[in-house]
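**Student:** Residue numbers (our numbering), protein chains in the order written: chain F, 1 to 244; chain R, 1001 to 1228; chain Y, 2001 to 2228.
Source of the hints: derived by calculation from the structure; they are not laboratory data.
Glycine residues also receive a C-beta, built at the ideal position from the N, C-alpha and C atoms.
Where hints are given, some of them may not hold.
[Stated by the list, open to error] If you want the footprint, here are the derived chain F segments under chain Y, 3+ residues with CB under 8 Å: (1) 70-77; (2) 94-108.
[Stated by the list, open to error] Computed Cβ-Cβ distance ranges for the label pairs, DEER-style: (3) F:GLY78 - Y:VAL2164: 45 to 51 Å; (4) F:THR24 - Y:PHE2044: 34 to 40 Å; (5) Y:ARG2040 - F:ASP161: 33 to 39 Å; (6) F:GLU126 - R:ILE1026: 51 to 57 Å; (7) R:ARG1219 - F:ARG203: 40 to 46 Å; (8) Y:ILE2216 - F:VAL23: 22 to 28 Å; (9) R:VAL1218 - Y:VAL2033: 40 to 46 Å; (10) F:GLU129 - Y:PRO2168: 36 to 42 Å; (11) R:ILE1026 - Y:PRO2028: 33 to 39 Å.
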Amino acid sequence: MPDRPFIETIDVVKTYKVGSSMVTALDHFSIGIEEGEMVAIMGPSGSGKTSLLNMIGGLDRPDSGAVRVKEVEINRLGEEQRARFRKNNIGFIFQFFNLIPSLTAIENVLVPVMFERETPVKRAGELLERVGLGDRFDHLPGMLSGGERQRVAIARALINDPMLILADEPTGNIDSETAREIVSLFRELNDEGKTLILATHDRIVAGRAKVMIKIRDGRMVRGKAHSRDGMRSLSPDKGGGVPE
Amino acid sequence: MNETDRSFNSATYALSHIRHDLFRSITTVVTISLTIAFILLTTSLLFGLVNEISETDEKASILDGMIPGSVSMFEEFRIDGSQLSKESKASLVNYLLVTSVLVIMVAFFIMFNTMSISVQERRGEIGVLRSVGFSSREVMKIFLTEGGVIGMISFLSALFLGTPFIVNLAAYLIERGDGGIFFVQPMIPLQLVAIIGALTMLLTVFTTYLAAKKTLRVRPVEMLRPTR
Amino acid sequence: MRDRENRLATRKRAKKSAPWGTPKKLTPLGYMVREVWRNRSRTFMSAAGIASLALLFILFSSMEQGLDDHFRGETEDVPTEESIELFKVKQVMDDWVYLISALCWTLMVLVIVNTATITVVERKFELASLRALGLSSVQVSFLVGSSMMLIVSFGIMAGIIASVVIIPLLDIANLSLLGGGLDLPLVYDPISIVNTLLLGLGAGALGLIPPLLMIIRSSPMEVLRDAG
């Protein structure tokens, strides 16, 4: 196929062992996401949305099937190669922010590049200003509010200028007012051409995305495009970009 | 669940945890018992020396009269202690005293470290216990019991396995015609057993207290969350 | 108004917790030093354990050195009664030095294994986040390993400094400590410092193997999933 989607999972199966029983997180899951999309993945907890994000982010490997991001089949890469791939191409945003408590805001933004010879301090500062934390450079995460911490995390996700941003419950730990601001920020990033995938419970967050996917028990229940130029391929019954 | 499992207290909890995380418990016990064996080694040499001094001259040592009729564990290695004069022995006693003090210090630091791991690894568990209504005092009691049990096991293994092992290994490795280390007969009288046993319990319980104190001050909600 | 006050207060607190000011860039070294400082109480405990072991090691080295020096070039003379005694003590000492050094080193390795294990366990979530952000497990191991090596060097430095102070004092106190004994010469041996340093760093390298394996084997995804 000449026109592969930007992100593609093909027939991905992932099972986890919980105690003595096996839980199927993703059950022959196929999806194609185009570049520049903003996709919200909704579903109850345990539905497999985090697993899907982890697959796409190369944190996890499928039991079977393939995951392709930017023409790279990341399920074939080794642990270290995937780490390098994540660093250069993917920005991660977590529910619990995952900031380093001993480092200040600006240093936290610099964490992914600290082993680089030249640390882009200036860029980190610009990113912090961009997310609205121009006066919080030297604050430790403990001194910041939940929303501010998540903004630091967003700046950190942007430090390598990734094409793809993955956010797992980005508003799960902040109040709805701040959540709205965070989502607006996501929209802005998307308008600049970044591809965003958000896993979320929050309808308001999902409502601002261009595409919404609902999954349950590791299967896609519904794929729906909000925008006019939306993704036909997402709907399982039409199955456009999804190989049968 | 059978009948015996009905009674649940801090001791059964501690024991079940030791059993559950057997590998970690074994490494903890090995570490602590090695430090105790070190203490036992230096102190048993000390006792052996002081005993020999007091046999030859009653006024030679300020530790006189502290040693009862003792049981020697290493009879076969005995080499004529009278080859050393009492002055030489007294000098060695001085060094052994300094060594023992240092080794006890080391034991304190090592135990603190070891106990910290066992507390730290179970933050989530502490959080659960606190949130179902255990007071921090009760959680502390569980940890202290566990520390005590680990201390006891470590002490016994140091006494019956560690120290004899080290001494025998040393004797085997050194194997010098002139006897070397066994110019001095290591001696572990009951009194020493009691002193070191009490010291071990004190150290383990105290270090567990120190290690758990800070963690228990954290609010339970924080502990249920990932460490941040 | 209230907001402004809060912000000012926050800024003050932020200043207080970062006394070195903000560096203009982030280096692995800076991060590592920060982490060591954040856990200063435990850093202190581990470093103190290593320091006392190093002190013990240097102490025994200087005893051996003192006795060696005493007999150097004195063999042709008619041996005095005192030098015969010293020679016997030397024989005892020679063996003790090996035994106690070996024990010290083993304990040093154990202290390092313990401390590094707590670091890895306690910062599990943080280390997993770093890996999720794209740092390789080798880079993360480098962070943990170098912060451990920093603690080891602190400990050894402290031990060396303590030995510089304590050993001359012991030399003076030797005779009066128990009211008897030979005047055993303690000679502070500079080579023992180098030895201690090498042994300490060797112990560090060995002790870091299990915790670093823990890092490399762990899956960041699993840690993050368990936490969330």
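**Student:** Look at each hint and say if it fits the structure.
**Tutor:** Cross-check of the supplied hints:
no. : hint                              : in the structure
1   : 70-77                             : violated (count 0)
2   : 94-108                            : holds (count 11)
3   : F:GLY78 - Y:VAL2164: 45 to 51 Å   : 50 Å, holds
4   : F:THR24 - Y:PHE2044: 34 to 40 Å   : 49 Å, violated
5   : Y:ARG2040 - F:ASP161: 33 to 39 Å  : 37 Å, holds
6   : F:GLU126 - R:ILE1026: 51 to 57 Å  : 53 Å, holds
7   : R:ARG1219 - F:ARG203: 40 to 46 Å  : 31 Å, violated
8   : Y:ILE2216 - F:VAL23: 22 to 28 Å   : 26 Å, holds
9   : R:VAL1218 - Y:VAL2033: 40 to 46 Å : 25 Å, violated
10  : F:GLU129 - Y:PRO2168: 36 to 42 Å  : 59 Å, violated
11  : R:ILE1026 - Y:PRO2028: 33 to 39 Å : 34 Å, holds
Of the hints listed earlier, those the structure fails to meet are numbers 1, 4, 7, 9, 10, in rising order.
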